[in-house]
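For the sequence shown, the numbering used here gives the first residue as 205, with consecutive numbering after it.
Hint data in this document are derived by calculation from the structure and do not stem from the laboratory. Bear in mind that the values here come from a model prediction, so they are computed numbers and not experimental data. There may be inaccurate statements among the hints.
[Stated by the list, open to error] In silico lysine-lysine, DSS-like type, Cα no more than 30 angstroms apart, as pairs:
{"#": "1", "residue 1": "210", "residue 2": "299"}
{"#": "2", "residue 1": "279", "residue 2": "336"}
{"#": "3", "residue 1": "349", "residue 2": "316"}
{"#": "4", "residue 1": "282", "residue 2": "336"}
{"#": "5", "residue 1": "342", "residue 2": "356"}
{"#": "6", "residue 1": "299", "residue 2": "342"}
{"#": "7", "residue 1": "343", "residue 2": "316"}
{"#": "8", "residue 1": "235", "residue 2": "336"}
{"#": "9", "residue 1": "282", "residue 2": "316"}
{"#": "10", "residue 1": "210", "residue 2": "342"}
{"#": "11", "residue 1": "279", "residue 2": "356"}
{"#": "12", "residue 1": "264", "residue 2": "356"}
[To be verified] DEER-style ranges, computed between Cβ atoms:
{"#": "13", "residue 1": "269", "residue 2": "294", "range": "29 to 39 angstroms"}
{"#": "14", "residue 1": "347", "residue 2": "326", "range": "14 to 24 angstroms"}
{"#": "15", "residue 1": "353", "residue 2": "210", "range": "36 to 46 angstroms"}
{"#": "16", "residue 1": "280", "residue 2": "247", "range": "37 to 47 angstroms"}
{"#": "17", "residue 1": "228", "residue 2": "275", "range": "28 to 38 angstroms"}
{"#": "18", "residue 1": "352", "residue 2": "295", "range": "38 to 48 angstroms"}
Note that beta-carbon positions come from the ideal geometry of N, C-alpha and C, so glycine has one too.
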Amino acid sequence: MSLGDKATFEVYFEVTRVVRMPQNSGNVQVKWRVSNASRPETRGHTDFVDIANNQATFNKQSTFSYRMCMGSETKQLKSGNLVIEVIWALPGMSKVTVGSANLNLAQFVNRKDESISVLLDGSRSNCLVTVKLYLDQKKGPTNYKVPDNTAKIVTSDISTVMDVNKKKKSKFFNPESVEEIKKEYLLHWTATPYHINPINALQEVVAGRDGFAGKAKPVVADPYTEREKNQPYQETDIRESLMSWAYPL
């Protein structure tokens, strides 16, 4: 099989929800595009939707045709990424990118039609976008290999995202590891009555709640303005640093 051999797929994409927005006012929009495609149908966006309880609901679908090459030796499908961006807007202010996610289309070939919640890179509040993404083959060779999925997907089983390796998991919860994190990021640990560990926060989100486990929400400075020098980090910053240990690159 040569590199020029291509398989044609129909891509089905749907945006349904964004949760754990750092703001509880304004509007949110989801945009997407395929990184190596130029056709208009391979990009799109939702309307701006009001934020309520740090989340927003959408009902936006998109379908388009997409061709993938295969390696001559590995026979593995090669594709571009579906780049998803979450945008926040407030009247009279510039639009802000809350975070983004990159989904390798080849990794979603012949995947079931089911919703997935994806952790946004760059989000300071562990913001999640819930989408459906799957590809059905329409023509071309079928003796290809689908690459392993590397997306930061949260499911009802938290262990699929939190480290399932017991050795690494024990390190993640080891107090000494927390000290290492604080040293690495020069964090000032501030004990607060609303402290929530990362697993509880994610379990809250998966259950459809706001992720604060019924506790009073912290007053967090706007994460998109420059932090004052030596200003102590807030709970969301601590949680984000901890989560970076649970979501290996």
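We went through each hint and held it up to the structure:
no. : hint                          : result
1   : 210 / 299                     : violated, 39 angstroms
2   : 279 / 336                     : holds, 26 angstroms
3   : 349 / 316                     : holds, 17 angstroms
4   : 282 / 336                     : holds, 20 angstroms
5   : 342 / 356                     : holds, 28 angstroms
6   : 299 / 342                     : violated, 39 angstroms
7   : 343 / 316                     : holds, 19 angstroms
8   : 235 / 336                     : holds, 14 angstroms
9   : 282 / 316                     : holds, 20 angstroms
10  : 210 / 342                     : holds, 11 angstroms
11  : 279 / 356                     : holds, 25 angstroms
12  : 264 / 356                     : holds, 22 angstroms
13  : 269 / 294: 29 to 39 angstroms : holds, 37 angstroms
14  : 347 / 326: 14 to 24 angstroms : violated, 38 angstroms
15  : 353 / 210: 36 to 46 angstroms : violated, 22 angstroms
16  : 280 / 247: 37 to 47 angstroms : violated, 25 angstroms
17  : 228 / 275: 28 to 38 angstroms : violated, 47 angstroms
18  : 352 / 295: 38 to 48 angstroms : holds, 44 angstroms
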